[in-house]
Amino acid sequence: SSPFALPDGTHTIAVLAMDIAGNQSTSTFIVKVDSVKPIIAFNTTGLSNGAWFRSATVGVDVSDVTSGVQTQIITHNGFVESAPISFVDGTHDIFVTATDNAGNVEASSYSIQVDGTPPIIVPSFMSTSGSNGWLVSASTISADVSDALSGVALTQYRVNDGAWQAGDS
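Numbering of the sequence shown is given in our numbering, commencing with residue 94 and proceeding in unit increments.
Accuracy of the hints is not assured; some may be wrong.
[What the hints assert, rightly or not] The calculated label-pair distances, taken between Cβ atoms and stated as ranges, are:
hint, residue 1, residue 2, range
1, S235, T150, 36 to 42 angstroms
2, G255, T137, 35 to 41 angstroms
3, S118, N194, 17 to 23 angstroms
4, S175, V245, 34 to 40 angstroms
It is worth saying that the hints were derived from the structure and are not from the lab.
Nothing here was measured: the structure is a model prediction, and the numbers come from that model.
For glycine and all other residues, C-beta sits at the position ideal for the given N, C-alpha and C.
Let's have the full structure, built from the sequences with the hints guiding it.
Spelled out as C-alpha cells, the structure:
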C-alpha cells in the first residue's frame with residue numbers, strides 16, 4: 094500500500110492497478126533518494142609541534158556514496174585552489190563547499206598554522222674590543238632571541254661544547 098518510505102539509493106518501483114471490471118495496467122519507474130550531504134575530510138602531512146607545523150601540505154577528500162560528488166570548491170585566502178595545498182609561513186584558513194549529484198551541499202573549514210622559519214638570534218657583547226676579533230676585557234654576552242610567528246619556546250647556551258644551560262636570551 095502507499096505511501097511508503099524509501100531509504101537512500103536507487104529503487105525500481107513497479108505499480109499494478111486493476112479496476113473492478115478487471116482492467117489492469119502497470120507502470121515502472123525509478124526513484125533515486127539521497128538525503129545525505131557529501132562528506133569533507135582534511136588530511137595534513139608535515140612536521141608538526143603541537144598546534145604549529147614547520148612544513149605542511151593539506152589534502153581534501155570529498156565523498157558521497159549515494160549519488161556521487163558533483164562539485165567541490167576549495168578556497169584559501171579568497172582564491173580558488175586545488176588540493177593538495179602546500180603552505181608558506183603564517184595562519185591559513187581553507188574553505189570547502191561540496192555538492193553531490195542530488196543537490197545536497199556541505200561546507201567545511203580548516204585552519205592551519207605554519208612556521209618554517211627558525212628563531213632569530215642576535216648576540217651582543219659587553220666588552221672592550223681589541224684587534225683581530227679579540228676582546229680585551231672581561232665579557233658579558235647576551236642574545237636577543239625572537240620569532241615573529243610561533244614565538245620562542247626555549248633558549249639555552251653552552252660554552253666550549255659543555256652542557257646546555259638554561260638561558261634568558
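Within 36 to 42 angstroms or not, the Cβ separation of S235 and T150?
-> holds, 39 angstroms
Does the hinted range 35 to 41 angstroms hold for G255 and T137 at CB?
-> At 39 angstroms between Cβs, range holds.
Look at the Cβ atoms of S118 and N194 and judge whether their distance stays inside 17 to 23 angstroms.
-> The hint (17 to 23 angstroms, Cβ to Cβ) is violated, given that S118 and N194 are roughly 32 angstroms apart.
Between S175 and V245, is the Cβ distance one that fits in 34 to 40 angstroms?
-> holds, 36 angstroms
Comparing the model with each earlier hint shows a violation of hint 3 alone; every other hint is respected.
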